[in-house]
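Asks: With the hints as extra help, turn the sequences into a complete structure.
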Amino acid sequence: MRDILSYFTLRRLDLMRMVTGILIIIDGYPLIFFFKESLKLAPGSTAFTAAVLAMGYLLMIPTTIFRKLYRCNTVLLRFGIIFLIFSIVSMYVYPFIFFKSYTQDMLYYLYIFAFLFLLINTPNDIIEVFIPITVLFAVVSNLGLVYALLTDPTWTIGQRAAIQYGEGEYRTGNPHVFARNALICVVACGIWVTQPKTNFFVRIFAFFSCVFSMGILVLTQVRSSILALIIIIFCFLLFNVRPAQIKLLARTLIRPTSLLLIAVVFIGISLFIRRNIDLYAVLYGYAVAFIERNMENVFAVFGLKGQDNFAASLDASAGNRATSFLYLRILLEGHLHVILYGQGYKSTYLDVPILEALVNHGFVGFFLFACFILLMLVYSLKAMRDNPDPLSTFLAYFYIYMFVQMFTVGRPYEMAHWQPFCMLMRFIGMDRVFPRHLLNHPDKLESQLLA
Numbered sequence: 003m004r005d006i007l008s009y010f011t012l013r014r015l016d017l018m019r020m021v022t023g024i025l026i027i028i029d030g031y032p033l034i035f036f037f038k039e040s041l042k043l044a045p046g047s048t049a050f051t052a053a054v055l056a057m058g059y060l061l062m063i064p065t066t067i068f069r070k071l072y073r074c075n076t077v078l079l080r081f082g083i084i085f086l087i088f089s090i091v092s093m094y095v096y097p098f099i100f101f102k103s104y105t106q107d108m109l110y111y112l113y114i115f116a117f118l119f120l121l122i123n124t125p126n127d128i129i130e131v132f133i134p135i136t137v138l139f140a141v142v143s144n145l146g147l148v149y150a151l152l153t154d155p156t157w158t159i160g161q162r163a164a165i166q167y168g169e170g171e172y173r174t175g176n177p178h179v180f181a182r183n184a185l186i187c188v189v190a191c192g193i194w195v196t197q198p199k200t201n202f203f204v205r206i207f208a209f210f211s212c213v214f215s216m217g218i219l220v221l222t223q224v225r226s227s228i229l230a231l232i233i234i235i236f237c238f239l240l241f242n243v244r245p246a247q248i249k250l251l252a253r254t255l256i257r258p259t260s261l262l263l264i265a266v267v268f269i270g271i272s273l274f275i276r277r278n279i280d281l282y283a284v285l286y287g288y289a290v291a292f293i294e295r296n297m298e299n300v301f302a303v304f305g306l307k308g309q310d311n312f313a314a315s316l317d318a319s320a321g322n323r324a325t326s327f328l329y330l331r332i333l334l335e336g337h338l339h340v341i342l343y344g345q346g347y348k349s350t351y352l353d354v355p356i357l358e359a360l361v362n363h364g365f366v367g368f369f370l371f372a373c374f375i376l377l378m379l380v381y382s383l384k385a386m387r388d389n390p391d392p393l394s395t396f397l398a399y400f401y402i403y404m405f406v407q408m409f410t411v412g413r414p415y416e417m418a419h420w421q422p423f424c425m426l427m428r429f430i431g432m433d434r435v436f437p438r439h440l441l442n443h444p445d446k447l448e449s450q451l452l453a
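No gaps in the numbering here: position 129 of the sequence shown is 131 in the numbering used here, and each next residue is one more.
Do not take every clue at face value.
Ranges of calculated distance between the beta carbons of each label pair, as one might list FRET restraints [claimed, not checked]:
hint : residue 1 : residue 2 : range
1    : T153      : R205      : 44 to 52 Å
2    : N242      : T76       : 45 to 53 Å
3    : T66       : P258      : 55 to 63 Å
4    : N201      : Y351      : 26 to 34 Å
5    : F268      : F369      : 48 to 56 Å
6    : P444      : Y104      : 44 to 52 Å
7    : F203      : I84       : 30 to 38 Å
8    : R244      : G270      : 24 to 32 Å
9    : R205      : P437      : 19 to 27 Å
For the record, the hints were derived by calculation from the structure and aren't laboratory data.
Glycine included, every Cβ here is placed at the ideal spot set by N, Cα and C.
Replies: Here it is as structure tokens:
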């Protein structure tokens with residue numbers, strides 16, 4: 003108890019406040035939907051959403067604002083700022099003929115720059131508390147989703163997990179924000195579990211939170227998130243598992259105590275499944291439906307027949323992206339000048355950010371955006387390999403999700419993309435300027451700098 007009380011010093015509480023503000027901005031929509039729609043505090047209110055996000059910005063303000071600025075990754079910062087300015091200039095100089103939302107889009111850009119400015123004022127010491135607060139924030143959001151599903155009479159097993167809003171035939175939900183929250187929780191829990199200083203009971207909590215979040219991820223049935231999770235697991239194994247460790251693990255597993263422990267775990271899981279057979283059936287049904295739907299898309303791509311022996315067809319989401327790439331093919335074959343100069347700001351919605359950067363902004367816009375996302379990938383892979391500090395490692399693995407989204411969903415200038423990008427511009431690749439007590443391997447960094 004004394005250790006717990008000593009952890010919550012005024013300094014740490016102040017850091018927790020700033021981290022909470024960051025999480026509200028990056029991952030606040032699940033809780034916003036919960037309070038708005040499930041608890042009926044402000045159904046359908048955009049003002050409530052704006053107020054909560056504004057609270058996030060206020061919570062981020064450090065006591066040293068304007069007095070102490072922190073260094074960023076200058077390479078990423080330059081490419082990011084140049085692309086944003088290029089987009090703003092394109093909006094006014096070379097706009098789509100029917101585009102009229104200048105004020106609204108400028109407000110979004112203002113939010114992005116304000117978030118980046120506050121991050122530059124945010125102390126590096128938030129690394130100390132970032133992972134624990136992120137796990138708690140994401141777990142609460144997951145519990146809010148479960149409560150909403152259990153109390154929503156219109157939701158049935160088989161639907162994608164999301165908090166529903168709207169009325170009648172217009173009632174809908176956004177599973178992507180809940181899948182994103184679940185993935186954030188999985189990544190943060192994985193980092194928390196593997197940290198050597200993590201308490202045993204905290205490891206148990208983080209492990210079960212990770213499993214719980216994976217279940218939520220299955221319920222949302224969001225392909226991009228599940229694909230990102232598979233790539234994240236592969237990257238983790240690639241950078242953290244060595245042949246010697248595999249041999250040591252194999253030797254450990256064949257020991258009598260290990261075999262006994264495996265038997266106990268197997269029996270425990272079997273009893274849990276028997277007592278919760280309905281829950282198991284639900285998750286199994288979701289997994290099977292997810293595999294069948296995606297195999298149908300694979301069959302459609304190759305012109306094969308589906309399970310019903312009829313020609314397979316793409317679903318609406320995959321069909322939209324297939325149409326987008328067909329549109330690019332038409333431009334390449336007969337309208338190459340469009341690729342060179344671009345069609346204009348937001349002229350075409352392709353739901354593939356990297357593709358839209360090329361079609362709407364031409365070669366220059368595509369070059370800036372592609373360099374930006376590829377550089378972030380390079381820095382992320384380096385952070386995965388080196389594991390310099392908990393925050394950098396978290397951002398590195400979470401960026402895999404953002405990288406997948408660059409080819410699957412959204413537009414190249416959406417706030418939902420740029421808020422995590424701002425985090426990477428601020429923290430990724432900057433471990434060389436962090437204080438020793440924030441690093442996982444301070445001696446290793448010092449030897450690298452001296453070399």
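Asks: Each hint should be assessed against the structure and marked as holding or not.
Replies: Taking the hints in turn, this is what the structure says about them:
| no. | hint | verdict |
| --- | --- | --- |
| 1 | T153 with R205: 44 to 52 Å | 32 Å, violated |
| 2 | N242 with T76: 45 to 53 Å | 29 Å, violated |
| 3 | T66 with P258: 55 to 63 Å | 57 Å, holds |
| 4 | N201 with Y351: 26 to 34 Å | 48 Å, violated |
| 5 | F268 with F369: 48 to 56 Å | 54 Å, holds |
| 6 | P444 with Y104: 44 to 52 Å | 49 Å, holds |
| 7 | F203 with I84: 30 to 38 Å | 48 Å, violated |
| 8 | R244 with G270: 24 to 32 Å | 30 Å, holds |
| 9 | R205 with P437: 19 to 27 Å | 26 Å, holds |
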